[in-house]
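For reference, the chains in residue letters:
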Amino acid sequence: MTKRAGVGTIRVIGVGNAWRGDDAVGLQVARHLRERLGPSVEVVEAEGDGLVLLDLMEGIDHVILIDAVKGGGQPGTTVRLDLSVRSRWGTVVPCSTHAIGIADAIDLARAMGRLPKQIILYGIEIESVDSGASLSEPVREGLDAVVEHVHQEVERAQCMKCT
Amino acid sequence: MPQKGKRTRTISIGTIARVEGEGALRVTVKDGEVRDVELRIFEPPRYFEAFLVGRHFAEVPDIVARICGICPVAYQMSAVHALEQAFGIRVPAPIRDLRRLIYCAEWIESHALHVYMLHAPDFLGYDGAIDMAKDHRDAVARGLRLKRAGNRLLALLGGRSVHPVSVKVGGFSRVPTRHELLGLTDELLWARDAAIETIQWVTGFEKPEFRQDYTFAALAPEDEYPFNEGPIRSSQGLQIEACDFEQHFTERQVPYSTALHSTLNGASYLAGPAARLHLNASRLSPLAKHEWEEASAGLSILNPFNTIVARSVEILFALEEALRMIQSYEMPRSSSVPVTPRAGVGMACTEAPRGMLYHRYAVDEQGTIREAKIIPPTSQNQRRIEDDLRAFVPQVLNLSTKEAALACERVIRCYDPCISCATHFLRLEVCEATT
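Protein sequences, first through last, are from chains A and B.
My numbering applies: residue 270 is where the first sequence begins, and numbers increase by one.
My numbering applies: residue 2 is where the second sequence begins, and numbers increase by one.
I should point out that these hints are in silico values taken from the structure, not numbers from a laboratory.
Every residue gets a Cβ at the ideal spot worked out from N, C-alpha and C, and that includes glycine.
The reader is advised that the hints may include incorrect statements.
Covered stretches of chain A (chain B as the covering partner; in silico rule of three or more C-beta atoms under 8 Å from a C-beta of chain B) [said to hold, decoys possible]: (1) 285-299; (2) 319-330; (3) 371-381.
Same shape as in the complex, but just chain A (with noise of 0.2 Å):
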């Protein structure tokens, strides 16, 4: 947890299975991301059961998530969605990877009054969820854009958190 002073924690989450191709993006984009950031975020990739974000997001002020979606939109390219202000988004999210899947997650942290201050998903439009697949190719172009943009989701959330 990465506390920063009076200022409340925030923790990036990739979430994805890492066998099941396009599935793997938000690992992937934790994985660029702790590199680029170093110790002062905590980077976490959570992988099976969706309930564990529970767990990841308990007593974090502003969590990012990061997640592969099928929302209709070209492979590769990101959509943000404050999940905070947002009730209903599960439409938005329609491809959950997990038993409970993310959207589950957050309705139910919802409803226990459990969700953290701000919850920002990035969610990466993938094109298939083979077995064993490596990323498909748009959603490997598409990767560095992803990470440039939650790099500067952390920057903005840290900065509002200083001032």
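Given the coordinates of chain A, work out where chain B should sit on it, guided by the hints.
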């Protein structure tokens, strides 16, 4: 809805909600009689069987852990025991105990997830845990904390809570210190009390009247509740070792599912918590045995809707067993035994949260996998689920197709089918066809 004249009605569930992974159901009823029940399972273990061939044995535990994000330990345990059998290795008692302990963690986590998040909403009249949480916040909080207690134990033993990395052929890459394990005692004691509350909570749920004459099959050792060892027994008197599994349990392909159907002597059988309890109730830990005796006095294990009680009793057992092992734990001098590969075949069956999980590997003298076979519990239960539905559907034909489909889903969820960690939009589709 009442039907007049000749009519074919199809109850179809495009994707079954609140089961682990991907699955679909099609039930065809003609003139009031159930003609076909097809549970379609999209199951990746078959892919993994092919993927494992040509890999070094040491890679197997990490690869099979990826088959399922809910029960990775089960896949790892069946794999390491099968490979150790092929290599003629027996692990010492402390390693054996740690393997029981890590399995306890997975049962706690997996069962708590199913009981609270996936199954309880069926009995309390909610679409899912999120709706249920609005009215039953304390219960949902208890379930989440129970699950987290399992996660914490698993993370300590496995290196992390999802896809643990410490399990290897011959033992563990790292074992916890006594101090680390004792640090979990308070939380596990809380969880033990919460498990008793859970049993009492789910025992009070109103269950539909429905009974089937099951053949139960599970590991059943002489002197302990099963995890990793023991002969396989059935309620019909079968008693075999895991190496004879394929001689008695046969698989066949069905055209509508990627999962193979397993049968025992040509008929369906039931694996999982209810089967384990039926065959091993005398081997439960003291509190779990007491609670099961109290709860089972008023319920039938032949009603699949009571599996939520069986699963809850196993949460309590796993917590008592974990606490017992932690109290007596002494850190072993070595976390693993040396492994020298040799050519051969090894088989093992362990008790995954959802039932028996069988693995067989053929390995060459360099330790390269030449053949792999994985028979997960959901594949074994698939035929049994269809048999349940065949008997159950006539009870719900008076309902609308949508309501009937939802009732069928509830039967399927009793089995906690772990169809796999998979990729699918949770969506329910009901369609009706007439001819």
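Evaluation of the provided hints:
1. 285-299: holds (count 5)
2. 319-330: holds (count 4)
3. 371-381: holds (count 5)
No hint from the list above goes unmet by this structure.
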